[in-house]
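Take a look at the letters that make up each chain.
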Amino acid sequence: MSSLDTIPVTAEVASGNVKPLLHEVRHALKRLANGEDGTVIDLQSIPLAPGEEARIEELLGKGEVRAELDALGPSVVQETSYPGVWLVTHSNTEQVVVGRFIEVTHMPELLKSQQADIEHAISRLEHELES
Amino acid sequence: MRKNQSLGEYLQGQGVSRRGFLKFCSATASMMALPPSALAQVAEALANARRPSVIWLSFQECTGCTESLTRSHAPTVESLIFDAISLDYHHTLQAAAGHGAEAARMAAMEENAGEYLLVVDGSIPVGNPAYSTIAGISNLDMLKETAANAFAIIAVGTCAAFGGLPHADPNPTGAVAVSDIITDKPIINVSGCPPIPVVITGVLAHFLTFGAIPELDALGRPAAFFGQNIHDRCYRRPFYERGQFAETFDDEGARKGWCLYKLGCKGPTTYNACATLKWNEGTSFPIQSGHGCIGCSEPDFWDKGGFYNPISAGMWGSRDALLGAAAAGAALGVGSALAARRRQKKAQGTEI
Amino acid sequence: MTLLDFARGPGLQWSLIIMIVGLCWRVIGVFLGRWRKDLSRPRSDDLVQGGLRAIITRSAPAPELEKNIRFQHYTGYIWHIGFFMTVLLYEPHIAFFKSILGFGWPGLPSHLVVIPAAITLAVLVMLMIRRMTHSVMRMITRTDDYLSLIIIISTLVTGLMAYAHMGPRYETMLALHFISVELLFIWIPFSKLAHMFFWLLSRYRIGTFFERKGVKA
Amino acid sequence: MNVTSTAIDQLQEELGALAARAKPTDMPDEERVARAKHVFVKRISMGLAMNLESCIDCGMCAEVCHFYMATRDPRFAPVRKFEPVRRFYRRELTPLRWFNRLFVKDINVDDLKESQELVYDACTACGRCDMVCPMGIGISETVHLMRESLAAAGLIPEELRAVDQEQREKGTVLGVGPDQFRKVVQELAAEGIAIPVDKEQADILVLSSALNIRLFRQSVAGTAKIMNKLGADWTMSSRCFDASNFGYLSGDYPAEKTVTLRIIDAAKACGASRVIVPECGHAYVALRWHGANMLGERPPFRTMAISEFIGREIEAGRLRVKEIGNGKSVTFHDSCRLVRHGGLLTEPRIALRALGLDLKEMESRGRTAICCGGGEGSNYISKAEPLRQRAFEIKMREVDDTSADSLVTSCDSCRYNFMTKGAKANWNHPVESLVELVANNLAD
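Chains as they are written, first to last, in the working numbering: chain P, 81 to 211; chain E, 169 to 520; chain F, -8 to 208; chain Y, 7 to 450.
Hints are not guaranteed to be accurate.
Computed spacing ranges between beta-carbons, pair by pair [claimed, not checked]:
(1) E:ALA336 x F:LEU191: 42 to 50 Å
(2) F:LEU191 x Y:ARG268: 22 to 30 Å
(3) F:GLY95 x P:ASP117: 29 to 37 Å
(4) Y:GLY362 x E:GLU519: 51 to 59 Å
(5) E:ALA316 x F:LEU92: 50 to 58 Å
(6) E:ALA507 x Y:ASP116: 28 to 36 Å
(7) Y:PRO436 x F:ALA53: 44 to 52 Å
(8) E:ARG511 x Y:LYS189: 48 to 56 Å
(9) F:LEU103 x P:VAL145: 46 to 54 Å
(10) E:ALA507 x Y:LEU267: 26 to 34 Å
(11) Y:LYS111 x E:ALA336: 37 to 45 Å
The set of hints was computed from the structure by calculation and includes no laboratory data.
Cβ atoms here follow ideal geometry from the backbone N, Cα and C, with glycine treated the same way.
Chain P on its own, in the form it takes in the complex:
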């Protein structure tokens, strides 16, 4: 695709939405610190210019925790350099991103073992022990 790359398109583009988004994150963090509920922001619902999603990722940085899970395709849960702010990326089995969320919470819900799965686990384990 070198012929396309040679077209000199400069992306000095800004939607003006990056800053407001970060402010929203700040407010969500404050609420979380005050013991209120966490917040989930769907990045797909926000108009972003090319490159801005990467910029947000860069601004948020990488924190201590990174978890990968494999459920209907890989998902990555990355704590950002701001504890309490998580970046959750869902991909399908074809590695295509199908959803991207900023979660402001102590721990993304998805990381916890789910009640239904735990119950299923009990029966599976029992089944294992019986046999």
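With chain P's structure known, arrange chains E, F and Y on it following the hints.
Just chains E, F and Y now, kept in the frame of chain P:
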């Protein structure tokens, strides 16, 4: 997926964990343009959802809508939505042909009377029904017959929703939209040429999740996707505000990604979700690729005075009419001046 | 046909036709009226120059008159300048002119054009209130004056609302804006708004009239 | 002062009684309207049409009108004074008349009657509004057209009508005829001032006015002294000495034409190359600007105001005056007719400067001078007196603001107005005539 199984059971049967299901739900909620906070509600509804029957009719269309849908993210989370519905008739996708296909349609209609979803793409020629027939049945008859017992109709694509390209002036086939014929059923218009695939699946997901049709705008389109115009959500909007416009497709402004308003972008009058959902797995959308929005999700978008004329420009044929108007005005001016002069001349000779 | 299609298509076409017919009719009709030659010996040799000079000099009053008419004079300037800045320097407007004239010109950033538009609107509302309250203005104001003001104000209000995406949906607002402008087009030849042409002619005429007497008008 | 207060009192009394002398001009209302409209049809030319097309109702004209400034009465907005013309024009003559007829009301006799006060009492057609109108509308000429239509409709105010009728029918004004003129000539001859009367051939025909003969005979004397000093070949006509034109003042077009043509004939008869109009603004306008148009061709002489003549002669060095300044300051009142409708801005000032006087100009002077409120025959209309007095006081204040020792003017109507209105306001500022000032200070 068996008919009476719930979606939750089905997915569990497929070995999908609760985690996987939640991930599926959050992607689906995002797809339906629901806020993330609705996740729990969506999860619960989806877990208990029953598999609906869907009949898909294609009339005067180009199959672009079907292409848009099937060529998009296969196999993806959306494909699960498709797995979750029973597509009982779709003449492009189904294996059956001829009488067998029609029989499948009749069977689905009978078995799920009052409950099945009818999806239509393409417009219906009413000028002469013979312009488009399937199995010897005119589109008009087939639509009426199939719609009679449908729960709701999803008009996919601008042709089905508003008449689309076949309806463009001078509309040789007398093409009309579904809503021009069917007036007693809920109709969801998923317009676009083609519609964004995620929007099609999003509407199906909504129906699957809530068993009801989503909130619609004045043109019968799901408000969640068509509630805002492209311009309002366009990342190039700041250039519009700053008055930085590309004047041609190869100028400095075009290269710098400036606003395409002057090149005929119909973003301000076009309601769709392209600017956020984007196309080709979220890669881009027309404006991001350097071409103005052509307004394909709006009625009569072919007849808005040209794709490359700005919306603030007039839509009309010639300036000759104005020259004619000037000539007519001048003639009237001369005439009225002469009449006034004659009257004044007559008055001159008098004493006072 | 949607409202916007009507406004951009036949509405625009017919309003322009009516405007051009009316203006040609009126201006040419007046111009071809009875000319009366003044036989008196002019004090000045160059009446034409006097006429041309008056076109310019009438743009500002003598200082001893200025103090009496300061309000009308400056508000008049402000809103005329603001109005023409808005009309001529807003990019979508330039695109409109380009579609009719075949050429365009550079404009101003949209958010800057809002400023003159808003000022113009404020001044016009003020002038309208003055017309309704000031004793002289009430006495000399005719329906023409109110209609002209209302039509111009409506072009500004609809334009600003469309710009700010206020009120009904954008395309409806844009259509209303088009329609208000078309009303303006139609109204120009029949109203005092035709002064946009007559000001030149009548200033020139008063210039020659007084130049003949050796007075700088 | 050479004007006796008894003469002024006598004249004022006589003016007060004028109304009773006016012959009625009764006619049916329909005829009044028809005659007024006829005048409109006849007179409206392209130039006037421009005045009637361009108005934007901005109201600026009111703000500079001395009648509005003095009273704040909105009815006196200048542009409103010719509203009937405008309405008639919009209904009957403008190119879009068929459209306007749907909205514009026809004029009726009440409109005309209402206009009488507006155009005779509350307007001197001074033209200050002409100078401010951003559209360049000739308001004063259009108001004068209103006067013409009212005159045709028999609606001239009684006092003015009485004088107009007298001049049209007897050729005299306020009883001043050839006999009174000759008497003054004889009196002046006795004082050693010779006036060549009724010469068959003369280079310059000098005119006077009834007001001069009645009140300001020193002005006649001064003119004679100047002409004699110059050694000019001049004459005055006993048959046609009066330049005042009450046809013009009252809007009686046929009468104006008669008076003007009489003067032109007299000038032609003696082969004059110049006709000198006395210190009278309206007489100057009538002859200088209307004369040729009344005649239908340019007459074979030049018309000059006496102030214009004096200024030119001084400038050319033919007339020399004494420097009498000695720090004495004067201010000059520009008559609206002479300066704004006549262009005589510099000539009188040349004379004042030659006299070595310290000229302190008023704020409004030259083309924007404020009218004294005495023009256009207005001094004759008694019911307008209080209104005119208020308008005059604006002028009075401008004069006071200059703190000049005396006021000079070159229009007898203005002078008379300053004297009478000033007296009423206990304002006893000296008012001098330019001609008299020059004539009394001729260099040897």
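Do the hints match the structure? See the list:
no., hint, verdict
1, E:ALA336 x F:LEU191: 42 to 50 Å, "holds (46 Å)"
2, F:LEU191 x Y:ARG268: 22 to 30 Å, "violated (41 Å)"
3, F:GLY95 x P:ASP117: 29 to 37 Å, "violated (53 Å)"
4, Y:GLY362 x E:GLU519: 51 to 59 Å, "holds (53 Å)"
5, E:ALA316 x F:LEU92: 50 to 58 Å, "holds (56 Å)"
6, E:ALA507 x Y:ASP116: 28 to 36 Å, "holds (29 Å)"
7, Y:PRO436 x F:ALA53: 44 to 52 Å, "violated (28 Å)"
8, E:ARG511 x Y:LYS189: 48 to 56 Å, "holds (51 Å)"
9, F:LEU103 x P:VAL145: 46 to 54 Å, "holds (48 Å)"
10, E:ALA507 x Y:LEU267: 26 to 34 Å, "holds (33 Å)"
11, Y:LYS111 x E:ALA336: 37 to 45 Å, "violated (52 Å)"
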